[in-house]
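Q: Okay, here's what each chain looks like letter by letter:
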Amino acid sequence: MIKKVTSHLSQNEALLFERSSPGKKAYQLPELDVPAVDAAVALGAENVRQEIEGFPEVSEVEAIRHFTRLSTWNYAIDYGMYPLGSCTMKYNPRINEVVARTEGLAWAHPYQPESLSQGCLEVMARLEAALAEICGMDAVTLQPAAGAHGELTGILLIRALLAKRGNPRKKILIPDSAHGTNPASAAIAGYAVESIKSSETGGVDLSALEQLVTSDVAALMVTNPNTLGVFENNIVRVAEILHKKGAMLYMDGANMNALVGIARPGDFGVDVMHLNLHKTFSTPHGGGGPGAGPVAVKNVLEPFLPTPRLKRAGKKLAFDYKRKHSIGRVKAYYGNFGVLVRALAYIQAHGGPGLRNATMDAVLNAVYIRKGLEPYYDLPYQSPNMHEVVFSDARQAKLGVRTGDIAKRLIDYGFHPYTVSFPMIVHGALMIEPTETEGKLEIDSFIDAMISIAHEIETDPQMVKNAPYNTRTSRVDEVTAARKPVLRWKPA
Amino acid sequence: MYPENFRYTKEHEWILVEGDTGTIGITDHAQEELGDIVYVDVPKVGARVERGKSLGSVESVKAVSDVYSPVGGEVTAVNETLADAPETLNRDPHGAGWLVKVRLSAPAEILELMTAADYRKYVEAEK
Amino acid sequence: MMDACGIDSPEALFAHLPEAARLSRPLELPAGISEYEIVEYFRQRAAENANGYASFLGAGVYNHFRPVLVDAVASRGEFLTSYTPYQAEISQGTLTAIFEFQTMICQLTGMDVANASMYDGSTAVPEAAMMAVRATGKGRVLVAKSVHPEYREVLATYAKNQGMPVAEFGYGAESGNLDLEDLERQMDSLTGAVIIQTPNFFGIVERVKAAAEIAHRHGALLIVVFTEAVSLGLLEPPADADIVAGELQSFAISPSYGGPYAGIIATKEKYIRQMPGRLVGQTTDSRGNRAFCLTLSTREQHIRREKATSNICTNQALIALMATVFMTVYGKQGLRELAEQNLAKAHYLAGKWKPRFSGKFFNEFVVRAEGKSPGEINKALLKKKIVGGLPLGRFYPELADSMLLCATEMTKRADMDALAEVLA
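Chains as they are written, first to last, in the working numbering: chain A, 1 to 492; chain B, 1 to 127; chain C, 1 to 424.
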């Protein structure tokens with residue numbers, strides 16, 4: 001039944017430090033065209049180090065083989081689907097990589113004169129405008145380095161506005177279905193966090209919201225569609241309830257892949273939101289980053305945006321540092337420019353109609369998966385889903401098999417697992433987001449795999465509990481890793 | 001399973017009172033829910049604890065659980081062995097896996113806690 | 001597929017959305033273009049930037065050679081398009097590389113443990129400060145004026161909302177080094193962290209030991225920041241620091257107009273649980289083979305939520321990988337030779353234009369323009385297709401007559417001679 005993968009030899013490889021030999025080199029620097037300098041004299045003998053003990057010494061061939069062998073131990077989008085919910089693991093277009101390396105952009109120094117940086121500034125201005133249009137917002141900052149960083153920035157903007165009005169307030173409301181970065185960001189911004197329970201359809205409970213929004217509440221942080229993949233049908237009403245009490249609506253844009261070209265957060269009452277360029281806008285995950293987390297706001301929040309702001313003066317673009325209401329900087333320089341270039345390339349490649357089509361494909365794929373798996377896995381929420389769908393392991397749990405086990409068995413079938421045990425409002429959650437990248441072939445393969453596993457659980461649950469079998473590494477001992485952490489290599 | 005001479009809380013802590021000292025730990029149900037314990041965070045000797053307030057936490061690989069003090073008082077002893085062997089908590093949660101000893105400031109608080117029989121029923125209902 | 005979903009057009013998928021929330025017009029964006037047109041667009045933008053200029057800019061972002069192996073490795077789809085290594089069995093490539101990265105950062109900085117990266121050096125600073133505050137229970141922070149000005153701005157933004165008072169202490173007007181007397185004067189028992197940078201923003205090597213002594217004597221932790229990672233090839237690591245927060249852009253990350261870069265936080269064993277960011281640990285699999293996995297995750301946001309050590313989720317893994325390849329290519333000998341070349345180039349330049357400060361410097365130093373303003377000098381240099389140093393007036397009004405010059409292994413002797421000619 002396992003069709004997508006087969007066994008294959010992969011190379012073993014030790015750590016760099018175990019492969020090193022004294023004197024081996026992989027580099028060659030040009031000859032110095034100036035006199036050498038005695039470090040002890042120039043720096044003071046006490047400031048000069050002995051050698052860098054334990055640092056690798058390998059040849060170029062050993063270096064390339066080392067990293068190549070390591071790379072073959074990874075799964076990647078280039079191998080196949082990642083059904084991870086809310087991660088939007090779509091294809092990373094290679095055109096992005098090419099344009100980001102254009103020399104005049106890649107070697108631009110952030111402090112070079114603005115007159116010699118107009119190309120960079122134009123790229124940023126163009127992206128700001130495109131994102132504002134996509135989100136239905138008035139102004140955008142590109143400074144935050146990732147989604148969580150954008151969340152922090154957004155909450156700080158809210159705080160600044162409310163403080164200017166006389167009272168920054170004390171609490172942020174966060175749904176119990178929210179991603180962990182939401183409360184963590186709110187806490188760093190100096191707010192207390194109050195959880196709001198989801199309704200039985202998984203959305204924001206309006207009557208609970210009415211009760212909880214007091215004059216102590218600065219904002220509600222909402223994800224739309226929520227982490228169940230369900231659109232917040234009452235979103236306009238949610239915004240009204242908040243605004244009536246002088247509170248604001250923050251939207252976590254992690255699930256924008258369901259909305260681009262279809263609905264705009266600015267149109268349905270959102271005051272401030274962040275985007276994840278490494279999700280919706282195809283910039284590569286790279287094993288855990290870099291990302292970028294631009295923040296889009298309504299005009300009322302514009303004066304507080306991080307310094308500096310990009311502005312046009314005739315034909316020239318320049319940075320405006322005279323922003324007396326700004327929350328300050330959240331990062332040095334201007335943002336993850338290299339990531340911004342990639343996102344703009346993606347937007348240009350798709351264009352308006354293309355972006356909308358991508359959204360439709362993303363939602364179609366997820367609904368198709370829902371239909372395919374509904375007979376086999378428990379679906380806790382019946383509302384229409386958008387770009388992702390959440391099942392639970394309720395049926396399989398009766399036979400002692402949990403979502404984590406199913407995920408590990410899925411690996412044997414040649415797929416990366418879906419998101420396990422999140423959102424927390426679903427016990428034993430399986431959160432699946434295919435993205436628009438996947439064609440019918442890959443998705444049918446995935447559905448077949450999940451159905452096969454469901455059958456395996458009925459006949460041989462223990463086998464599933466001990467998966468995976470076909471990987472280089474079997475299940476790792478995370479318990480010992482946490483009890484007795486070994487976080488670096490040391491010589492014997 | 002649940003010693004008769006212990007008292008229990010809704011958050012799955014137990015306390016054994018001897019004179020004016022209470023030994024506090026988490027119940028077997030709690031350690032089972034958490035799975036393999038990897039780390040225990042407890043207060044220092046001399047710290048004050050308050051009934052219903054967190055006195056520390058217990059961690060598994062994927063979860064953290066606050067430990068709430070069943071009583072108010074002052075910490076007189078801490079189980080040092082858990083630093084090197086947190087698995088003791090899984091193995092023997094009602095014995096060698098004790099967390100702290102506390103000198104009770106208000107012994108009457110014990111009366112508000114559950115008996116073993118009540119706790120057994122409570123755990124059954126939760127399941 | 002639509003049949004299976006029971007719909008006859010994809011629009012039906014959105015029928016359940018409330019009318020009021022829907023966008024009823026197409027997005028006002030141009031139609032999609034071909035990859036050739038996209039390349040052309042960015043080529044034109046690049047042409048509008050400085051091209052073919054020699055540059056003497058440093059100030060936290062440095063021009064260094066990028067070994068060709070870096071992109072050869074980082075462009076591999078298995079590294080570029082892979083996800084965060086939560087599923088250890090199919091992420092051993094990423095996990096192993098991060099473990100090596102963590103090790104090399106420890107070797108370079110003299111610390112016991114390093115994390116898998118922060119966004120950049122500027123955000124690593126407030127994260128380190130928050131860490132020190134958690135560890136000591138003391139909320140006040142003292143930061144040197146000679147720490148990168150934009151890093152201090154970011155610290156201020158975070159600190160303001162944490163109820164973390166931040167005060168600054170000065171530098172010697174003659175030496176450019178830390179004013180340790182000012183530090184001593186401002187220290188108190190409420191201070192949890194003292195933050196210094198070495199080499200500092202002026203390029204000057206600091207007396208870490210002396211600063212550590214003052215901080216520790218008052219029960220505060222010492223945080224040492226670095227922006228020029230190459231300096232660690234030659235400089236004694238800050239072993240007296242409690243936390244090191246740094247920027248790795250120098251390790252094969254092109255300047256890229258300010259990002260993406262990679263920050264790190266490294267620290268002593270006893271502060272491990274206070275560390276933000278991901279950590280990779282060594283373990284075994286069920287067959288007894290060595291394997292790696294993310295560990296100590298309970299510090300992080302996805303588990304501890306509002307009580308997490310940080311809100312960081314996505315970090316800079318690919319950038320850290322580039323730095324790892326860089327460190328591998330140069331290796332033990334190469335990093336030292338690279339640093340020695342930087343030292344030589346900058347000191348040759350200093351022979352042409354005397355540094356303003358007497359403190360010992362690595363590859364950057366401050367110069368005062370005699371009779372002309374830094375702006376005027378830079379204007380003259382631009383005519384020779386040279387981008388001059390950073391005029392310091394924007395960050396240090398007392399140094400408005402000065403600029404910060406940087407020379408690295410990429411700086412050519414001919415360009416340094418040309419700079420000197422303009423001065424004459």
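Among these hints, one or two may not hold up.
[Stated by the list, open to error] Using 20 angstroms as the maximum straight-line C-alpha spacing, the simulated PhoX-like pairs for lysine-lysine come out as follows:
{"hint": "1", "chain 1": "C", "residue 1": "Lys160", "chain 2": "C", "residue 2": "Lys307"}
{"hint": "2", "chain 1": "A", "residue 1": "Lys171", "chain 2": "C", "residue 2": "Lys160"}
{"hint": "3", "chain 1": "A", "residue 1": "Lys170", "chain 2": "C", "residue 2": "Lys160"}
{"hint": "4", "chain 1": "C", "residue 1": "Lys307", "chain 2": "A", "residue 2": "Lys171"}
{"hint": "5", "chain 1": "A", "residue 1": "Lys484", "chain 2": "C", "residue 2": "Lys383"}
{"hint": "6", "chain 1": "B", "residue 1": "Lys127", "chain 2": "A", "residue 2": "Lys398"}
{"hint": "7", "chain 1": "C", "residue 1": "Lys383", "chain 2": "C", "residue 2": "Lys412"}
{"hint": "8", "chain 1": "A", "residue 1": "Lys315", "chain 2": "A", "residue 2": "Lys298"}
{"hint": "9", "chain 1": "A", "residue 1": "Lys164", "chain 2": "C", "residue 2": "Lys160"}
{"hint": "10", "chain 1": "B", "residue 1": "Lys44", "chain 2": "B", "residue 2": "Lys121"}
{"hint": "11", "chain 1": "A", "residue 1": "Lys3", "chain 2": "A", "residue 2": "Lys440"}
{"hint": "12", "chain 1": "C", "residue 1": "Lys270", "chain 2": "A", "residue 2": "Lys490"}
{"hint": "13", "chain 1": "C", "residue 1": "Lys160", "chain 2": "A", "residue 2": "Lys484"}
{"hint": "14", "chain 1": "A", "residue 1": "Lys324", "chain 2": "C", "residue 2": "Lys160"}
{"hint": "15", "chain 1": "B", "residue 1": "Lys53", "chain 2": "C", "residue 2": "Lys270"}
{"hint": "16", "chain 1": "A", "residue 1": "Lys490", "chain 2": "C", "residue 2": "Lys268"}
{"hint": "17", "chain 1": "C", "residue 1": "Lys307", "chain 2": "B", "residue 2": "Lys62"}
None of these hints come from the bench; they were simulated from the model.
Q: Compare the structure with each hint and give your call.
A: Tested hints:
For the given pair, C:Lys160 sits about 19 angstroms from C:Lys307 by alpha-carbon distance, which is consistent with the 20 angstroms threshold. The suggested pairing of A:Lys171 with C:Lys160 holds, with an alpha-carbon distance near 17 angstroms, which does not exceed 20 angstroms. Between A:Lys170 and C:Lys160 the alpha-carbon distance is near 15 angstroms, which keeps this suggested pair within the 20 angstroms criterion. With a CA separation close to 15 angstroms, the supplied pair C:Lys307 and A:Lys171 stays within the 20 angstroms bound.
For the suggested pair A:Lys484 and C:Lys383, the alpha carbons sit about 61 angstroms apart, so the restraint of at most 20 angstroms is broken. For the proposed pair B:Lys127 and A:Lys398, the alpha carbon gap of about 13 angstroms is at most 20 angstroms, so the pair holds. Distance hint between C:Lys383 and C:Lys412 is fulfilled; the C-alpha atoms sit about 18 angstroms from each other, no more than 20 angstroms. Taking the CA atoms of A:Lys315 and A:Lys298, the gap is about 25 angstroms. The hint is violated against a cut of 20 angstroms.
Between A:Lys164 and C:Lys160 the alpha-carbon distance is near 15 angstroms, which keeps this suggested pair within the 20 angstroms criterion. Distance check on the hinted pair: B:Lys44 and B:Lys121 sit about 34 angstroms apart at the alpha-carbon level, beyond 20 angstroms; violated. For the hint pairing A:Lys3 with A:Lys440, the CA-to-CA distance comes to about 15 angstroms; that is within 20 angstroms, so the pair holds. The straight-line distance between the Cα atoms of C:Lys270 and A:Lys490 is roughly 18 angstroms, inside the 20 angstroms bound, and the hint therefore holds.
Among the hinted pairs, C:Lys160 with A:Lys484 is inconsistent with the structure: their alpha-carbon atoms are about 37 angstroms apart, more than 20 angstroms. A distance of roughly 16 angstroms separates the Cα atoms of A:Lys324 and C:Lys160; the hinted pair therefore holds under the 20 angstroms criterion. Annotation: proposed proximity of B:Lys53 to C:Lys270 is violated, straight-line Cα distance about 26 angstroms (limit 20 angstroms). A C-alpha spacing of about 15 angstroms is found between A:Lys490 and C:Lys268, which places the hinted pair at or below 20 angstroms, so the restraint holds.
Taking the CA atoms of C:Lys307 and B:Lys62, the gap is about 15 angstroms. The hint holds against a cut of 20 angstroms.
Hint compliance for this structure: hints 5, 8, 10, 13 and 15 are broken, all remaining hints hold.
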